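All chains should be built: construct the whole structure from the sequences, respecting the hints.
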Amino acid sequence: MSEIKIRQLNENDWPLYREIRMEALAKESECFTTSEDESEFISENWIERITNKNGAIFGLFDTGQIIGVTSIHRENDDPRSYRAWMGQSYIKAEYRGHHLSDLLFEARIAWAKKQGNIIALVVAHREENEVSKKAIQHYGFKYIGSRTKTYVDGEQAKSLVYERSL
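Taking our numbering, the leading residue of the sequence shown gets 1, the next gets one more, and so forth.
Source of the hints: derived by calculation from the structure; they are not laboratory data. Some clues are possibly wrong.
[What the hints assert, rightly or not] Derived lysine-lysine pairs resembling DSBU-like cross-links, with alpha carbons at most 35 Å apart:
1. Lys53 x Lys133
2. Lys27 x Lys149
3. Lys114 x Lys92
4. Lys5 x Lys53
5. Lys53 x Lys149
6. Lys133 x Lys27
7. Lys5 x Lys113
The structure presented is a predicted model; accordingly, all values stated were derived computationally and were not measured.
Shown next, in the form of structure tokens:
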């Protein structure tokens, strides 16, 4: 690790986003849910996600190489929503354990504050994911409930949901 930076992705970054997102889904399928088969996405699908005005996708970089990703979007993709969901967080295995998730949380929180009318942030994790639970609670999120979700690995499992005020 030499020069770690985080920035919001733009439409020209779609190949990088696709690369890191597909890696995340392949290597950590037990951590992610998705309503679409992202392996079938074409460039326009990736660009649409990146340029969605109701959210933001951030890339984590080490000397220009993408090493992680995270996202935030207004609930139900509604520009009037006062809540925003955080998700898609992934950091390459060799970069874990260096508190880089702090950069992911800080970027998303800053984005939400900049919107001016978001008052609550929501995040969820698979029940067994203790690392995510620890990071989420470190940032002041409080458990508000659970729901059963189907994860990319094909398993149905409990997803624990947390919220915090902005």
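Status of each hint after checking the structure:
1. Simply put, Lys53 and Lys133 have alpha-carbon atoms about 28 Å apart, close enough for the 35 Å limit, and the pair holds.
2. For the given pair, Lys27 sits about 19 Å from Lys149 by alpha-carbon distance, which is consistent with the 35 Å threshold.
3. Distance hint between Lys114 and Lys92 is fulfilled; the C-alpha atoms sit about 28 Å from each other, no more than 35 Å.
4. Using a Cα cut-off of 35 Å, the hinted pair Lys5 and Lys53 holds, with the two alpha carbons roughly 22 Å apart.
5. Only pairs whose Cα atoms come within 35 Å are accepted, and Lys53 paired with Lys149 is accepted, the gap being roughly 26 Å.
6. Pair hint Lys133 plus Lys27 holds up; C-alpha atoms about 19 Å apart against a cutoff of 35 Å.
7. Simply put, Lys5 and Lys113 have alpha-carbon atoms about 20 Å apart, close enough for the 35 Å limit, and the pair holds.
Of the numbered hints stated above, none is contradicted by the structure.
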